[in-house]
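Undergrad: Two chains, two separate frames, one set of hints: put the complex together.
First to last, the sequence lines map onto chains A and B. Note that this note's numbering has the first sequence beginning at 1, numbered continuously upward. Note that this note's numbering has the second sequence beginning at 1001, numbered continuously upward.
Just so you know, not all the hints are guaranteed correct.
As the list claims (entries may be wrong) - Here are the simulated distance ranges between beta carbons:
(1) B:LEU1621 / A:ALA113: 19 to 27 angstroms
(2) A:ALA113 / B:GLY1623: 29 to 37 angstroms
(3) A:LEU259 / B:ILE1201: 50 to 58 angstroms
(4) A:HIS103 / B:GLU1603: 32 to 40 angstroms
Note that these hints are calculated values from the structure, not bench results. All residues carry an ideal CB built from backbone N, CA and C; glycine is no exception.
The residues making up each chain are set out below.
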Amino acid sequence: MYGNSKKSKSETDGPPVKRASTDRRHFINVGVIVAVGTVALYFLLIGALPMPAPASSQSDTIDTLFRQHMLLIAFLFALVVGFMLYALVVFRKRKGDEGEGEHFEGNTPLEIAWTVIPLIVVIIFSYLGVVTLRDVTAGQPNELQVNVNSFQWGWSFTYPETGVVSQELVLPVDRGAVMEMTSQDVVHSFWVPEFRVKQDIVPGQMQYLRFTPVLEGEYDLGCAEFCGLTHYNMLAPVRVVTDAEFSAWMNVKVAEQGLQVAAGN
Amino acid sequence: MSLSLTSLGIVRGLIGQALGTLLGFALVTLTRALMGREEVWSTEPAWVIGAILGAIGFMIGVGAMSDWFKWWRGIATPFVHGPQAKDQPAWTRYFNVDYNHKIIGIQYGVTGFIMLCIGGLFAVIFRTELVRSGIQFLEPNTYNTFIGMHGWCALFGIFIGIGGMANYLIPLMLGAEDMTFPRLNAFAFWINVPAIVLLLISVYYNWDSGWTVYPPLSLRGSAGYQLVFWSVILLGMSSILGSVNLIATILRMRPPGMSLFRMPIFCWAILATSLIQVTATQLIFMSFLLLSISREATLAMPFYTPLINAAGVNIGGDPVMFQHTFWFYSHPAVYVWVLPGLGIISELLPVFTRKPLFGYRWVALSSIAIAMVGYLVWGHHMFTSGYSSNLRVWFMVSTLLVSVPTGVKFFSWLGTMWGGKLTFPTPMLWVLGAMSVFLIGGLSGPILGTVATDLHLHDSYFVLGHFHATIFGGFVFPFFAAIYFWFPKITGRMYNEALGKLHFWIMLPAFWMMSIGQMSVGVAGMRRRIVDYDPLLGGMTDFGLGFVEIGHVVITISAFLIAFSILLMIYNLFHSAEVGQAAGRNPWRSRSPEWQTPSPIPEQSFASPILIVGEPYDYGLAGSRYVAPTTAGDD
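If we strip away everything but chain B, and leave its shape as in the complex, we get (with noise of 0.2 angstroms):
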C-alpha cells in the first residue's frame, strides 16, 4: 500500500504554511498597489504578514485546529485515543496531529533533539573558523549570522526538548491517562514547526546582532530580522500554551493519595518551569513585536530610536529599554532551561544510590524559589549598560542570592548520595556528569554577578563558559540522562550500555576543556561575536602560538569531540530501538508510576487507576510501597 505525501499531517501543514505566506504576500503587495505605492513589493511587510497567516496556514493544514472548528459547527468529537487517520502505518502518527501525550512529547524530545543538532552545526562550522585567527573560509556576514542561528536553534532546542520531557513523563508520574488539554496540548508541539521553519528561512537573508537583537542594529539592514522576531514569537505561544496545560494537569489529575509533596521531584521542577513560562513569555513577545514594527520597513515606530531635541535631551525612544524588557523575560528564561533538568538528577538520584531524595521539601521549593527570585535578577546582563549605578548594586545582591537555593539542590544531591548503594549505569554517569557540569557553570555565576569583576568579563568569552556550562549542565546532560533512562520504557529495549559509556567519556572532558578554555580566553581579553581575534591575544606563548589562540583550538577540539560523541548517542538510539534487548517492566527497580506499565507502553498507559500510598523515594524503607499493587503484579 503505498502512502501519499499528503497523508501526512506535516506535509499538509507545510502545504498550508506556504499557501499562508503567498496569501500575505499577496495580501501586503494588493494593498500597496492599491494605494498606488511606486514599489509594490516590500519584503518585511509582506514576510510580516506572510508568517502570520503561514503559521495559522499551517496549524490547519496539520490538522490542529480541526476538533476546534468542528466544535463551532456543533459537532462533537469524542476524545479518543489512537491513531487519528485509519489504515496507516505507526510511525506516521509522529507526523500528524494525535492527542495521545506520549505521541506528543516524541514529537517534542526529537523535534528539540534535531534542533539541538542544527545549532550545534552551526557551531562547528564557524568554530572550524575560530580555530585560527585569520578569516579562512567564513565571510564576516556569514559568520554573524551563524552565531545568531546557533543561538536560537540550540534554544529552540532546549525549548523544544523540555516539552518532550514535560508533557511524556508528567501524566504518567500522575498516574493520569493523559494531560488536562489533550487538543492543547497537540497544538502547543505543532506550533513549534512554523516557528522552525521561519527561522531556517532567515539564513538566507543573513541577519546578524546574535540571538540577543538589540536595536538599534536589529532595526537596521536585513529583513531576516522580520523572520527571527515571529519566529521567536511563535515559539513563545507554544511555550505558554503548553505551560497552561502542565500547570493544570499537575495541580488537578493527581492521583488518591498524591499529595503535592508526594508527587515525584520531576513534576515541581515542571511546575516551577510552567509558572515562570506562563508569566514572563509575554514579555519577549512584546520586546520583539515592538522590535516588529518599529523597522523603517513597517512602521517606523520610534520605542528604541532616541531624539535628541535643541537642549540636547533625548525625547525620544531609547534603545536600552528593549535590554529591560528582553532581559526581563530571557533571565527568567534560563532558569526555564536548567529547572526541569535539576529536577531530572532529583529525579534519578534516589533510583542509582537506592536512597530517598534528601530533603524532598526542600528541593521541592527550592525551584520555586529559584523561580521568584530569578525574576529579580535580569539587569545583571546589563551591568555596562549604563543604567545607575545604584541599581546596579541591588541586581548584584538579588542575583548572588540565587545561589542559595541552588546551593539547597546540590547540597540535597550529596546527602541523597551520601550513604547509598551506588550503581553507574549510562543515566546515572550523565546525571553525575550533569552536576559537575552545571557545578562549573554555577560557580562562575557570581563573578559575573558582581559588578566590578563584570566590568572586564561581561561580553568575553568568559559569559559564553558561564552560560554554556550552565546549558549543558542544567539540560543537555539531564536531558541525555533522561533519553538514556526512559528509552527501555519507551522502546521496550535497552540501549547499547557500552556505547552509552562511551559516548559520556568522550563528550564530558571534552565539555569540561570546552568550558575552561572559554574561560581562559575571555579573561585574556578575548571578545564575544567576532570572526577574527589578535594573533597575539593574551600574549605570545612557547608554542609558537599565542595564549588564546591555543584556548581556540582546545575548544574547537573540543566541539569537533562533543559532535561525534552525539553522533554515537544517535547511532545507538535508532540501533537499539530495531535490535536491543529486551528491558521488561522495570529494568531500573523504579518506584516511580510510570514503571509500574508494561514496556514499551501501551496506549492507555494505566489498565487501572492508580493509588498512592507511600512516600515516592522511600527506598530502603522495608515493606514500604509508593504506588499500590495492581492484580496484575508487579516488582
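Bound conformation, chain A alone (with noise of 0.2 angstroms):
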C-alpha cells in the first residue's frame, strides 16, 4: 500500500505518509536489535548474577544449564523489548496526527508459530532439564556416607564407617559423597551453595542427597528452610580435603572420641 515511501511531507496538505507496519525494513531493524540485545543481555547477565565457586561435580552440570537458560532469557528479553522499544518509537503518534492506527485483527498462521515454537521450546528445555536431573542425581561407586543429623538449630554429622561424630562436615575431595539425612523436630534442608544441590529434611523420612566435591576448600552449610528463631544462624562449617588429610582427621577424631574402627577401614 505506502510500498517504498519514505516518511515525508506530501505536497497536499495531508499527514506524513510513512511505511506501514508490515514492511520489511521495520523487521530487519528490530532483528539487528535483538541479536544484538541477546548478546549484551547474555554477558550482562551472567555478569550481574555470578554462581559461586563450582565446588562439585553437580555444579559443572548445574552451571551449564544455568547458562543456557540465561541465553534464552537473553534472547526472549531482547525479543519483547526489542520489539516494544522500535514500537514505542517508530510507531508513536506525531503531533497533529489524530488519526487511528492500522486496523487489523490478528494474524492466525502468526499466532499458531508463537504456540508452536514455544512448544518446541520447552520440549528442548525439558529435555535438558530431565538430562540434568539424572546426572546430577546419579550414584558413583564408593560412596562416602556421611549421616546428617538437623535440628533447631545446628548440625551433627556421623560418619558410620568409624562412628565419628563431628560439628563441622569433612569430605575428601573427588569421592562422591551421600548424605542420609534426618530431622528432629521441623523441617530443614541441607545446602552448600558451592555444591549447587539442596535437599529438604522432613521429620518422619530419610532424606538423601549426593554430590561429589571437586574443590579443596571452606565452605558453609546453612539451612535453607525457615526452621524458627535462629534459623539465619544454622550454619556448620565444611571443609573439602585430600584423601590423606581426610584420613589424618578421621583418625584423630577416631582417637578423641575413643572409638574402636574395624579392620580394613
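TA: What follows is the structure in C-alpha cells.
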C-alpha cells in the first residue's frame, strides 16, 4: 500500500506518509536490535548473576544448564523489549496526527507459529532438564556416607564407617558423598551453595542427597528452610580436603572419641 | 449535624466483632471451667472460637446480613440503589453496607491499597535491618514475624484490590446496573474486614514461619498462628463468594449483541480468575483448618505429625502432605493474582495504540488456558521436599508449559502496538512498565521450574526476585494503571499528569534494580527469611563490602524509592480528587461501555440499556461502533 515511500510531508495537506507496519525494513531493524540485545544481555546477566565457586561435579552440570537458560532469557527479553522499544519510537503518534492506528485484528499463522515454536522450546528444555536431573542425582561408586542430623538450630555429622561424630562436615575431594539426613523437629534443608544441590529434611523421613566435591576449600552449610528463631544462624563449616588429610582427620577424631575402628578401614 | 460513630457500619461491625470474640472466649472458658480443667483459660481454643464468632458478630454489626434476616422473617426488601442510611454525608456510604457495585468496588479498592501499604511498611522496616550484615535493631523474633506479615498483608492487598477492579468494572463493561447478587457482593467485601483485624492482631503474638506456615513449625510456638489461619479462611470465603457473583454476572448479564467473544477482554480475565478462585480456594481452607486443629492446644490431630513405629516406618502424618494441599491452592492462586492485571494490559493497549487488540480470541482463551494448566504445576514449589524424582520431571514439564499461553499474551501485546499511533499518558506508562516487569518475572520462571537449577535456587533470594517481579508486573503496575485510567471516570477529575509520570519514572527503575539485586544475591547463595547474613557472602569486592551486602544496599534503596513514589501517588489522588481539572465523559476516547456514562458515574450508571453493535476494539475501522449510540449524544 505505502510501498517504499519514505517518511516525508506530501505536496498536498495531508498527514505524513510513512512505512506500513508490515514493511520488511522494520523487521530487519528489529532483528538487528534483537540480535545485538541478546548478546549484550547474555553477558550482562552472566556478569550480574555470578555463581559461587563450582565446588562439586554437580556444579558444572548445573552451571551449564544455568547458562543455557540465561541465553534463552537474554534472547526472549531482547525479542520482546526490542519489538516494544522499536514500536514505542517508530509507531508513536506524531504531533497533529489525530488518526487511528492500522486496523488489523490478528494473524492466525503468526498465532500458530508463536504457540508451536515456544512449545518446541519447552520440549527441548524439558529434555535438557531431565538429563541434568539424572546426571546430578546419579549414584557414584564407593560413596562416602555421612549421616546428617539437623535440629533447631544446628547440625551434627556422623560418619557410620567409624562412628565419629563431628560438628563440621569434612569430606575427601573427588569422592562421591551421600548425605543421609534426618530432622529432630521441623523441616530443615541442606544447602552448600558451592555444591549447588539442596535437599529438604522432613521429620519422619530419611532424606538423601548426593554430590561429589571437586574443589578443596572451606564452605558454609546453611539451613535453607525456615525453621524458627535462629534459622539464620543454623550454619556448619564444611571442609573439602585431600584423601590423606581426610584419613588423618578421621584418625584424630577416632582417637579423641575413644572409638574402636574396624580393620581394613 | 454531628455524626455519631455508631451510625457507621464499620464501627458497629468492629463492636460486633469485639463482642463476638469475647463471647467466644467466654464459651470456651466456661466449658473448660465446667469440665473441671485446671487451667480455665486456654488462648488457642479461645481465639479459634472467638475468631469465628467475632467474624459473625462483625457481619451482623455492620449490617451485611440484615436483608437476609428480614427475609427469614417474611419481610420483603426491594432492591434499591442509593444510600442505605438517610441524612448522612455521602462519604459515609463507604463505611456502611451498600449494595451499589460502584461503592463496593471503591471499598475493595481502597482497602486493598491500604493493605498493600501496610505490607509494604513491614518490608521497609526489615529492609532497613537487612541493608547491612549484623543485627542492627530488629530482633530475630520480630523480624521473623514481620516477613510473614509482609507476605500475608501484601497478599490480602492483592486479593482485595482485584475485588476492587472486578466489582467496579465488570457491571459497567457489561452495561449492567449491578452484579447478579448485590447483597452477596456487599457480604463478600465486608468479610475481609474481620479477616484483616485478626491478621493485624496476630503480630502481637509473634508468629514466624513466613506466609507459607509449613508444619511442623506452624504446629508449635505462638498462638498467633491460629489468628493467621482463621484470617486467611475468612479471606478465602470472600474469594469464593465474590467469584460466584462474577461468574454469574459475566455469563448471565451481558447486553444484547455482546457474545462472549465481544466482551471487553478484562471480562475474560476476570472469568478465568473467578473460575480458579471458586474451585481452588477450598484447598487452603482445608489445609489451614487441619493445621488449626492439629496444634496441641486445640485438638492435636496427627495429620501432619509423623509417628515412627518400631520397624522405622512412618505410620502417622506427613508434613509434606501439607505442602501438597497448600500449594495445590497457592499455585493457582498466583494466577489469580496476575490474570486480572494481564487483562488490564490487554484492555488498555488498544486505547493508547488506537488499534484492535491483536488476536482477541487467542488472548481470551490464553487466560483460560493459564487457569487450567496452572492446576497441574504445584509440585514445583516442592522440588526439594523429597517426593518421587520421576514426579518432579512431570511437574517440571507442566511448569514449562505455562509459558506457552503466557507467550501468546506477550506476542499479542506486541501485535497490538505494532503499526499503532501510540501516546504515553500515565496509564500507558504503567502498562508498558508492567509488561517489562512481568517479562522479568516470567523469564525467571523456567529456570526455577527446571529441577536441577532449582536445586540451587530454591529458597534463595532468586525466588524473591522471580515472584516480586511477576506480582508487580502482573498486579501492582496494572493496578496503578487501572487507578490512573479510571480515576477520571470515578471522580470526574483528571489526576495530575506530571506527578503520575514522576511516580512511574521513580518506581520503574527502582523495581528493576530490586529485581536484579534479589536475583543476584540469591544466585550468590543468599537464603530466604534470614535476619542476618555473612558479610563475606558472595566474596569480598573492591568496594570494601561483600558482593551480597552490596546487593542488599541496592535492594533496600530500591524499596525506599518505591515507597516514596507511592506516597506521591497517594498525594496525587487525594489532591486531584479535590481540585483536579474536569475530565469530561471520555478523555481517553475509549470504545468501552463505561466511558459512555457521565463522569463521575451517577447512581444509576446507564440511563437506558445498552446495545452492542460491533467489536470492542475496532479502533481505526472507519464508521464502526461498539456500543450503539444513544440519543443523549456521545463521542
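Undergrad: Lying within 50 to 58 angstroms: is that true of the beta-carbon distance A:LEU259 to B:ILE1201?
TA: holds, 54 angstroms
Undergrad: Take a look at whether the Cβ-Cβ distance between A:ALA113 and B:GLY1623 falls inside 29 to 37 angstroms.
TA: holds, 33 angstroms
Undergrad: CB of A:HIS103 to CB of B:GLU1603, is that within 32 to 40 angstroms?
TA: holds, 37 angstroms
Undergrad: Holds or violated: the 19 to 27 angstroms window for the beta-carbon distance between B:LEU1621 and A:ALA113?
TA: holds, 25 angstroms
Going through the hint list in order, the structure satisfies each hint without exception.
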